[in-house]
Amino acid sequence: MTTARTGQIEVTAALFLPPVSGRGLEIHVTGSGFVARAIPVAAKVGAQSVRSIALKPDGGGFSGLLERVPGDGDRLFVGYMDEALVETSVVFRPGGGTPVA
Amino acid sequence: MSRFSKRSRERERWEADQFYASLMGRSELPARPERPVDRKPSQVRCIWHSHLTTGPAPRPNAAPSPVTYPEVDLPIESLSAEDRDESHFCEDDAPEYDFSIDHFIVHENDPTPGADDTEDNSVEMDAETEEQWRAAWESLVETNPTSSASPPFPVHCRDETTFRSMDLAVDGDVTIATPAAPLPNPTTPIEYSIGAGTRFRTIADLDTRFRRLLSPGPAANQAFSITNGRALLDMGHFRVDPGDATRFQVRLKAQVCHPTDASNPGRLPPGRTRFPIVIFVHGNHTSITYNVSDSGRPRTTTGGLTLIPGRATLRHEVASYQGYRYLQEQLAAAGVVSVSIDTNAANLLDSLIRFRADLVLQMLDHLRDLDGSSASEFHERLDFQKVALVGHSRGGDAVAMAADLNRRRSTTARVHLRAVVQIAPTDFTGRLTPQTERLKMSGGTTDSFMCIYGSHDGDVRGAFTPAEFSPGWSFAGTGFRHYDRANTHRAMVFVHGATHNRFNSIWVDPAAHEAGSTARILAEAQSDNAADSPSVDPANPPSSTFPLPAGSRDARVLSLSNHQTLAREYVNGWLLFWLKAQWSHGALFNGTQANSLSTPVALQWKFGRDLRRIDDFDDTNAARNMDSGSVIRPSFVNEKLIELSNLPQTPHNDQVLVADQATGASRVYRTDLNAAARDVSSFTHLTFRFSKHFPNVASPGAIAAESFPPRFQVGLFDGTTRRSVDQTAMATHNTQTVRPYHRMRGATNLTKVHLQTWRIPLSAFGGSGGVSLTNIHAVEITFDADANVPIHLDTLAFVKL
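Protein chains in written order, with numbering that gives the first Met the number 0: chain A, 0 to 100; chain B, 0 to 800.
Misleading hints may appear alongside valid ones.
[What the hints assert, rightly or not] If we take Cβ atoms under 7 Å as the criterion, some of the chain A residues that face chain B in the derived model are:
1. A12
2. L16
3. P17
4. P18
5. G30
6. D57
7. G58
8. S62
[Stated by the list, open to error] Where chain A lies over chain B, by a calculated footprint (3+ residues, C-beta under 8 Å):
9. 207-220
10. 292-304
11. 454-460
For the record, the hints were derived by calculation from the structure and aren't laboratory data. Backbone N, C-alpha and C fix where the C-beta goes; we use that ideal spot for every residue, glycine too.
Work out the full structure: start from the sequences and follow the hints.
Below you can see the structure in the form of structure tokens.
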């Protein structure tokens with residue numbers, strides 16, 4: 000019998016990149032357990048909601064858009080929109096290029 | 000009797016257009032209604048009918064009404080400047096002739112070639128009318144002279160695939176208004192919006208208007224970059240438009256099941272019979288996985304990372320659209336053509352509702368094409384006057400939107416929806432403001448509506464624990480809210496022990512999912528035990544492993560087989576009820592017949608061969624009922640909104656009559672019937688939705704300890720005599736009613752304290768020494784001081800079963 004985690008979200012890393020156009024930052028999250036549910040995935044960095052979230056097809060994370068550059072030390076929270084978002088170990092550091100957990 | 004004005008219609012349409020414009024991401028919202036210079040009306044036609052001989056507005060595509068209404072057709076030039084404002088013209092003239100306006104049609108000079116210039120405004124937008132109720136059933140009976148079930152047809156199922164050009168609207172971007180510190184009180188709804196969606200039509204849009212996804216590249220500091228939109232094009236879900244290389248077409252794929260000819264399998268039975276149509280729409284689920292390689296397109300560098308535009312090749316696809324075959328085969332045997340649409344493209348793009356709804360309309364258009372093509376086996380064999388939509392999960396919201404969009408189409412494109420059915424639906428629009436943005440199953444949209452939802456739904460679970468940045472109980476509503484808003488013939492079945500995924504046989508089939516994937520593990524879990532909660536659960540931290548410990552299983556959860564049995568009875572039962580006038584199926588929904596498994600269900604319903612509403616308590620004047628009859632109420636009885644912010648554990652969002660603790664000398668709530676409505680002898684039952692507050696739902700024992708039903712009486716008064724029925728007698732007439740079902744998920748209590756519809760046969764009030772049912776002056780509800788809890792009551796009506 001397979002042994003694996005049953006649909007629990009786990010975040011292992013996050014990458015912040017300038018967007019193709021416009022202001023803000025793209026966030027690219029790597030992890031596991033992002034199952035496609037009826038209820039959408041939600042995320043925030045600090046107090047800022049992540050917008051335009053696109054899930055990786057294999058549940059291995061997601062990409063999204065931050066309209067503003069987060070503050071130094073702002074933490075990533077993830078979850079689904081019908082429950083409390085859970086804290087991850089990812090923290091944003093400005094000027095870090097590719098801050099990772 | 001409904002009274003409409005052109006002005007209010009335009010205003011409503013404008014508001015609706017604004018909503019859809021925002022969903023589709025149009026930056027310029029439609030202007031307030033103001034007739035453009037080049038679209039002046041050429042003619043105004045008002046159609047009148049009297050109060051006494053009234054009938055419903057003729058439905059589009061419906062059989063001609065037997066009542067002929069006088070019509071007035073006037074060239075616009077013959078009207079005075081004042082009368083050219085047609086709302087003034089119609090509204091002001093109507094009372095003079097003791098007529099009211101049923102509907103009107105404005106013929107416009109539309110400069111667009113081929114435009115439909117006879118757009119029909121007669122479709123009821125919102126108001127619930129008894130005429131509409133009656134017409135829906137009568138029209139169905141008229142077109143089904145034989146309502147009994149015929150011998151089963153042989154069945155044939157196959158896939159149907161085509162490509163359609165369509166503008167894609169993806170509405171997946173939900174924005175939560177970030178609360179200011181300190182965080183709001185947990186009982187305060189957090190505002191949200193379904194923000195600017197993406198509307199696109201060109202291949203370039205696929206690369207630029209979706210969020211790019213990264214995967215490891217062939218070397219350090221390299222990553223493949225691809226959008227799910229581009230991946231769909233690479234994998235054949237979209238294709239380059241043969242007529243325009245800059246644009247793409249969307250694949251429309253479906254599983255079609257139909258009655259067939261035993262001697263010619265695969266063909267329809269011979270004859271000229273047109274078959275009713277049912278469209279199925281699955282919901283959001285793991286859909287497509289793909290591998291990414293170098294597409295060869297130009298690379299870019301950002302943030303020290305080289306991005307390599309990727310090319311997708313399909314790795315695995317879950318055929319969710321095949322998961323309702325157990326329902327489709329039963330329908331085909333009953334003489335119904337059903338089509339289950341593949342909406343995996345919407346899943347990969349994470350569309351909430353709109354893309355899925357558009358696929359429904361595209362499929363209906365495709366079926367019309369087949370019906371009109373002499374080369375098709377469906378040539379002139381499909382009945383667009385008898386169409387039903389069934390949607391599961393997000394598909395449930397989608398069929399509600401498709402029904403709404405269908406109502407707005409031209410008469411030539413519109414189909415007559417006899418039923419909209421939702422299986423474990425999401426409700427993403429139920430808290431949007433203004434209220435016109437909330438999807439609503441009204442009589443002008445569909446003749447009937449039914450929702451089935453399970454107590455063990457682990458996905459659309461109606462979370463009750465508002466927490467930091469969790470807008471779930473505002474945003475992610477359940478079928479209860481859809482039912483609250485509906486005002487057509489309707490029913491809702493809350494099934495004890497039913498889950499979310501088991502209504503789709505593919506979703507719980509491990510073999511249908513990619514080997515080694517989380518989705519497959521979840522399918523194994525759900526096929527094996529009670530797990531139906533694939534998400535973060537603070538009570539089950541990520542150290543949990545599969546298989547789940549025995550203690551996490553819930554023996555109350557129904558098996559896959561039992562889910563299918565109940566779906567055949569309730570989903571298909573409602574469809575055959577409303578597509579083929581098989582009234583006998585109605586008994587499952589009004590509590591007169593249990594399901595074959597004797598599975599407990601909580602029923603809400605309002606349907607009948609005839610109905611007379613008394614009050615739904617939704618207006619702002621608690622001193623009058625819906626027919627302007629007087630209301631006398633004790634001080635502790637009020638019309639109130641019940642929702643989570645003011646009533647813990649309720650899944651509803653509706654204004655109802657709330658009787659708090661009875662105090663004082665007067666404890667009788669009385670609602671008077673108008674003189675013209677006092678003869679109720681043609682009806683069979685008095686019905687109402689009802690519950691009480693359960694202050695303690697912490698355990699099954701605590702729920703069982705509550706008195707239920709609480710002490711109160713319902714009576715009729717005929718001017719001289721009163722006769723009442725108390726809660727004990729009521730219970731004998733409603734033996735299938737249930738108490739709230741205790742349901743925990745981790746530390747979260749998901750128990751739902753919901754309303755149920757109760758019925759009292761009118762014979763209980765009449766007979767020897769009873770009231771005269773031909774002269775009922777009032778309905779009276781007497782509350783008991785010992786009840787000691789708030790009682791909730793709604794949707795008071797007489798029905799004929």
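Status of the hints after comparison with the structure:
no. : hint    : in the structure
1   : A12     : violated, 11 Å
2   : L16     : holds, 5 Å
3   : P17     : holds, 6 Å
4   : P18     : violated, 9 Å
5   : G30     : violated, 11 Å
6   : D57     : holds, 5 Å
7   : G58     : holds, 5 Å
8   : S62     : holds, 5 Å
9   : 207-220 : holds (count 7)
10  : 292-304 : holds (count 4)
11  : 454-460 : holds (count 3)
Consistency note: the structure conflicts with the earlier hints numbered 1, 4, 5.
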